[in-house]
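*Asks:* The residues making up each chain are set out below.
Protein chains: 2
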Amino acid sequence: MVTSPVKTLSLEEFLQLPETKPASEYIEGEIIQKHKPQGHHSTIQVDLTEAINAVVKKQRIARAYTELRCIFGGRAIVPDITVFAWQRIPIDEQGNVANIFNLAPDWMIEILSPDQNQTKVTGKILHALNHGSQMGWLIDPETESVLVYPPQQQPQLLEEETAILPTPELVKDLQLKVGDIFAWLKHQ
Amino acid sequence: MVTSPVKTLSLEEFLQLPETKPASEYIEGEIIQKHKPQGHHSTIQVDLTEAINAVVKKQRIARAYTELRCIFGGRAIVPDITVFAWQRIPIDEQGNVANIFNLAPDWMIEILSPDQNQTKVTGKILHALNHGSQMGWLIDPETESVLVYPPQQQPQLLEEETAILPTPELVKDLQLKVGDIFAWLKHQ
Numbered sequence: 158m159v160t161s162p163v164k165t166l167s168l169e170e171f172l173q174l175p176e177t178k179p180a181s182e183y184i185e186g187e188i189i190q191k192h193k194p195q196g197h198h199s200t201i202q203v204d205l206t207e208a209i210n211a212v213v214k215k216q217r218i219a220r221a222y223t224e225l226r227c228i229f230g231g232r233a234i235v236p237d238i239t240v241f242a243w244q245r246i247p248i249d250e251q252g253n254v255a256n257i258f259n260l261a262p263d264w265m266i267e268i269l270s271p272d273q274n275q276t277k278v279t280g281k282i283l284h285a286l287n288h289g290s291q292m293g294w295l296i297d298p299e300t301e302s303v304l305v306y307p308p309q310q311q312p313q314l315l316e317e318e319t320a321i322l323p324t325p326e327l328v329k330d331l332q333l334k335v336g337d338i339f340a341w342l343k344h345q
Numbered sequence: 158m159v160t161s162p163v164k165t166l167s168l169e170e171f172l173q174l175p176e177t178k179p180a181s182e183y184i185e186g187e188i189i190q191k192h193k194p195q196g197h198h199s200t201i202q203v204d205l206t207e208a209i210n211a212v213v214k215k216q217r218i219a220r221a222y223t224e225l226r227c228i229f230g231g232r233a234i235v236p237d238i239t240v241f242a243w244q245r246i247p248i249d250e251q252g253n254v255a256n257i258f259n260l261a262p263d264w265m266i267e268i269l270s271p272d273q274n275q276t277k278v279t280g281k282i283l284h285a286l287n288h289g290s291q292m293g294w295l296i297d298p299e300t301e302s303v304l305v306y307p308p309q310q311q312p313q314l315l316e317e318e319t320a321i322l323p324t325p326e327l328v329k330d331l332q333l334k335v336g337d338i339f340a341w342l343k344h345q
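The listed protein sequences correspond, in order, to chains E and H. Residue numbering for the first sequence follows the working numbering, starting at 158 and increasing by one per position. Residue numbering for the second sequence follows the working numbering, starting at 158 and increasing by one per position.
A pair counts as met if it fits within one copy or between any two copies, since identical chains are not told apart.
List time: in silico BS3-like cross-link candidates among lysine-lysine, alpha-carbon distance up to 25 Å:
| no. | residue 1 | residue 2 |
| --- | --- | --- |
| 1 | K334 | K215 |
| 2 | K343 | K277 |
| 3 | K191 | K277 |
| 4 | K178 | K191 |
If you're looking for bench data, these hints aren't it; they were derived computationally from the structure.
Just need the whole structure built from these sequences, with the hints factored in.
*Replies:* Right, here's the structure in full:
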């Protein structure tokens with residue numbers, strides 16, 4: 158059997174492809190489609206985005222987005238939640254928010270889905286930290302815990318319900334405990 | 158329905174329990190039995206232990222162990238591989254290696270099994286770093302990559318086959334590439 162060599166797309170070629178749903182990411186020549194969102198993932202994604210925007214959007218300090226493609230350091234990633242400082246948000250000629258975000262988020266948050274490979278998700282967070290992100294969170298609904306990644310420091314695993322989650326300086330007014338994140342899952 | 162409160166064992170009570178197979182760990186009041194070892198896990202565990210001992214055991218610099226229970230910081234964990242500096246290995250009254258290791262390893266290595274919760278494994282590595290370990294490795298056979306955790310620093314994800322794996326100063330003579338670890342899985 159003769160196998161033909163796998164053709165690797167360049168980042169530029171990848172960016173010309175039609176959008177997929179769920180979104181696809183481009184990491185080191187590999188195209189990876191994101192998982193179909195499920196209940197736990199969606200609930201935390203929506204409620205946490207709202208909680209962040211509640212303390213920074215009206216004040217024009219920063220803004221949280223979901224499923225926004227960020228292109229930097231030779232990769233195109235689509236974190237579950239990204240937060241950008243107000244003055245870093247790219248603007249087009251009409252003064253609207255741009256469609257293309259060619260920069261690393263100030264804060265990126267990933268919510269683990271069952272069967273998602275955590276090493277790859279961790280790699281995305283480390284890539285963002287290496288390109289200027291101020292913080293990464295990895296939320297694990299299965300263990301109800303959060304791994305917090307500050308730049309150039311050892312990560313921290315927060316497991317206690319009452320533990321206060323560290324936030325980037327930009328969003329310092331957000332006071333959330335680990336238990337608050339997983340309380341959102343309770344349908345009351 | 159009336160539910161009775163869950164009785165939490167103390168570390169001392171846990172240590173009185175009969176040994177299980179696979180071993181059990183005691184983490185924050187929770188008793189967690191390790192996964193049944195499978196082919197990939199066992200192969201890397203044996204070959205990597207041999208590779209480490211080949212450069213440090215004869216010279217009495219350090220020694221690598223598999224499945225050794227280490228008790229420190231209020232937890233009892235059983236890393237897949239632990240490495241201890243020669244002079245830190247506890248000795249009993251007969252001058253033999255002690256049965257109880259009440260200290261953190263200088264280096265701990267975990268090899269992910271399918272369906273193992275990676276957040277918990279990461280938590281074990283961070284606990285060891287917080288109690289004096291010089292390095293942690295998290296080997297992911299699924300992605301053929303290694304997460305390297307130095308103390309008080311940001312972790313590093315090594316994915317390239319040719320990437321040289323950082324080792325603790327103690328085992329600096331060990332020169333391994335990422336590809337070497339996963340080449341062991343090839344049965345030739």
